[in-house]
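Peer 1: Single-letter residue listing:
Protein chains: 2
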Amino acid sequence: MRVTVSGGVHGNELLGIYLVKLLQREEPHFENIALEFLLANPKAIAQCRRYIDRDLNRSFSKEALESDAAIYEYERAKVLAKRLEQCDFLIDLHTTTANMGITVVLSSDDALSANIAKILALEYENVRILRWLSNDEGAFINSVVPHSITIEVGPVCQGVLDANLFFATKKVLLRALDILNKEERCDEKVECYDIVDARDFPRIDGEIAGMIHPELLGRDYELLHPGDPIFIEFDGKEHFFEEESCYPVFINEAAYYEKGAAFYLTKKSTL
Amino acid sequence: MRVTVSGGVHGNELLGIYLVKLLQREEPHFENIALEFLLANPKAIAQCRRYIDRDLNRSFSKEALESDAAIYEYERAKVLAKRLEQCDFLIDLHTTTANMGITVVLSSDDALSANIAKILALEYENVRILRWLSNDEGAFINSVVPHSITIEVGPVCQGVLDANLFFATKKVLLRALDILNKEERCDEKVECYDIVDARDFPRIDGEIAGMIHPELLGRDYELLHPGDPIFIEFDGKEHFFEEESCYPVFINEAAYYEKGAAFYLTKKSTL
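Protein chains in written order, with this note's numbering: chain A, 1 to 271; chain B, 1001 to 1271.
Hints listed in this document are in silico derivations from the structure and should not be mistaken for laboratory results. The structure presented is a predicted model; accordingly, all values stated were derived computationally and were not measured. Treat the hints with care, as some may be off.
To be verified - 30 Å max Cα-Cα, derived DSSO-like pairs, lysine-lysine:
(1) A/LYS82 with A/LYS170
(2) B/LYS1259 with A/LYS170
(3) A/LYS259 with B/LYS1170
(4) B/LYS1062 with B/LYS1171
(5) B/LYS1021 with B/LYS1189
(6) A/LYS43 with B/LYS1043
As the list claims (entries may be wrong) - Facing chain B, from chain A, some residues (calculated, C-beta under 7 Å):
(7) LEU22
(8) THR97
(9) CYS157
(10) GLN158
(11) GLY159
(12) LEU161
(13) ALA163
(14) ASN164
(15) LEU165
(16) MET211
(17) PRO214
(18) GLY218
(19) ILE232
(20) PHE234
(21) ASN252
We put the beta carbon where it would ideally sit given N, CA and C, even for glycine.
All chains should be modelled from the sequences, with the hints used to inform the complete structure.
Peer 2: Written out as C-alpha cells, the structure is:
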C-alpha cells in the first residue's frame, strides 16, 4: 500500500511541517507500506503563512484543477493531484487554534479510512472523530485520493510549536501507519461527530462586531444548549444560542474568521 | 496633552485593532486630553498579517526613516512619524502568544511614561512592567514620540480575539488615559522586569531543531533556575538552563521565531 503523510498544506501550521521533516530523517519502516512524505505548500511554509493566494486545502475541486488562473495554490494543487495519483492512503496533518485535542477528520465515506479513525479513537482518550463530508468553499486535498484521514490538532497558535501536542500527534500518526501496515480491522461501533452547519460571528457591514463568549471559548465537543451564551459584542451585549442542542467545534479557529465561521455545529453519531 | 492610541502596528494582533475601532465609536471624553486614534498598518490589517514587507515596529530608526527603499513599512513609518510629530503621549496596543497577562512595556527612560506604568501595576494584579530599552533589530514606533507605553497582552493567538483579554485591556487603557488626564503622580517604588538578553531555539543550519520544553511553556515571569529544562528537540533530547536565575518573558511568541528569540531573559528591578 502506498501511503503519503503530508504537512504544510497550510504554511503556518508548524506541527505537521516539523513532524514530516522529523520522520523524513527517522525513516520509520513498515514492511507492507511504501511511505512517502510531502510538504504541500513550500512557498507558504517559507513565509509562515496559511497560503499565498488562496487556501490550498480548498483548491482541489474539478474547477480549480482545470483553472488556468494565475493562483499559486491552484497551480500547486495540480502538481499535488498528479503526484498523489498513485497514492492509496493520505494522512494530512493540520493544527487549529480551537481546543480540539487530536481530531481525526473524515472527509469521505469509505470503510478503510473510517476503520483507522475508529481504532485510534478507541485507543486514545484524546482522539475524536469528526466527519466533514461536504464543504461549499472548495475541495480538500483528500478529494484526490481514494482513502485518507486528516489529523487536526489543537489548541495551538499559528506559527508556534507545542511540544506536548507534537509528541502526542507523532504517537497517533505512527499508530495509524501501524494499523494500515497490519491491516487491522475494527468491527465495533464508535462515536463520531458530524458537521451539520456553521455559525458566523455577529457582523456589521461584513466586519466582525463581536467575539466568542468567554463561556463558550475552549469548549469544543461540549454540549451547547439553547440559551447558552455564544457571542459577546465589543460593547458587552451578549448573544445566546437559540437552536437545538449540538456539539460545537473549531470554536474561534483563526483561519475561519475570513471564512465566516466562528464555530461549526456537529451532531453526535456512530460510525 | 495630545494622546494617541494606536492598534494594528502588527496587522494580525486583533485586540488592539478592534479596541481602537470601538473607542473611535464610543468617543470617551477626557477634558485635558486631545485624544486621537491610529490604525497603524492598514495594509497588514486588511490581510491579517503581522507586516507586508518588514516589521513596522522595527522601522523607525533614523536609517529606515531616511531610506528610499521600496519597503511598504518604511514608507508607512515615514507617514506615521510625520503624523506623530505633535503627539505628546502614545499608547500602543499589542498582543502576544506568550502567557504575559497585561504587560506595560517601557521603551524609553522617561518619568511620565514610568509614572503611568507604576500606577497601573499597583492597581491591577495582572499588570506587570517590562523595560525594553534597546533593540538591535530597529527602532519601535515609540521612538518618534517623547512619552509612551506599549500594552502587550497575552496569551492570544495571532488572528483571533479573546473576549476576557479584550475587556481587561480596555479597562487598563481607559485607566491609563484617566491617569494622564488627571496628571496623577505615583511616588512609590514599583517592581519591574528589565530585558537583558534573548535566547534562541536550538537550530541546525538556521532551521529550528527543537521546541520550548513543556515545563517552561506558559511560565513567563516565573523564576527560571540553572538546571531547569528549557528546550526539547524533536527527537526528545532535552536542553537545560545553564545561566544564573532570571525571569523569562515572550516564551514561544510566534513572531519571534524569525527574530531568533525563543524567549527573553529579564532581571527584576524597581522603578
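Peer 1: Now tell me if each hint is right for this structure.
Peer 2: Right, here's what the structure says about each hint:
Annotation: proposed proximity of A/LYS82 to A/LYS170 holds, straight-line Cα distance about 27 Å (limit 30 Å). With a CA separation close to 27 Å, the supplied pair B/LYS1259 and A/LYS170 stays within the 30 Å bound. With a C-alpha separation of about 27 Å, the suggested pairing of A/LYS259 with B/LYS1170 holds against the 30 Å cut-off. For the hint linking B/LYS1062 to B/LYS1171, the alpha-carbon distance of about 35 Å lies beyond 30 Å, and the restraint is violated.
Among the hinted pairs, B/LYS1021 with B/LYS1189 is inconsistent with the structure: their alpha-carbon atoms are about 35 Å apart, more than 30 Å. Distance hint between A/LYS43 and B/LYS1043 is fulfilled; the C-alpha atoms sit about 21 Å from each other, no more than 30 Å. The criterion of a C-beta within 7 Å of any C-beta in chain B is met by A/LEU22, whose closest approach is roughly 5 Å, and the hint holds. With 7 Å as the threshold, the beta carbon of A/THR97 comes within range of chain B, its nearest partner Cβ sitting at about 5 Å, so the hint holds.
Proximity of A/CYS157 to chain B holds as hinted, the smallest CB-CB distance being about 4 Å (cut-off 7 Å). Here the hint on A/GLN158 is kept, as its CB sits about 6 Å from the closest CB of chain B, short of 7 Å. For A/GLY159, the shortest C-beta to C-beta distance to chain B is roughly 4 Å, which falls under 7 Å, so the interface hint holds. Because the closest C-beta pair between A/LEU161 and chain B is about 4 Å apart, less than 7 Å, the hint holds.
Interface hint at A/ALA163: satisfied, since its Cβ lies 4 Å from the closest Cβ of chain B, which is below the 7 Å cut-off. Below 7 Å, beta-carbon pairs count as interface contacts, and A/ASN164 has one with chain B at about 5 Å; its hint therefore holds. Because the beta carbon of A/LEU165 sits about 10 Å from the nearest beta carbon in chain B, more than 7 Å, this interface hint is broken. Taking 7 Å as the C-beta cut-off, the interface hint given for A/MET211 holds, the closest approach to chain B being about 4 Å.
At its closest, the beta carbon of A/PRO214 sits 5 Å from a beta carbon of chain B; the interface hint therefore holds under the 7 Å criterion. Taking 7 Å as the C-beta cut-off, the interface hint given for A/GLY218 is violated, the closest approach to chain B being about 10 Å. This hint holds: A/ILE232 has a C-beta 5 Å from the nearest C-beta of chain B, less than the 7 Å allowed. With its C-beta approaching chain B no nearer than about 5 Å, A/PHE234 sits inside the 7 Å limit, and its interface hint holds.
At a threshold of 7 Å, the smallest CB-CB gap from A/ASN252 to chain B is about 5 Å, leaving the interface hint in force.
Of the numbered hints given earlier, the model fails hints 4, 5, 15, 18; all others are met.
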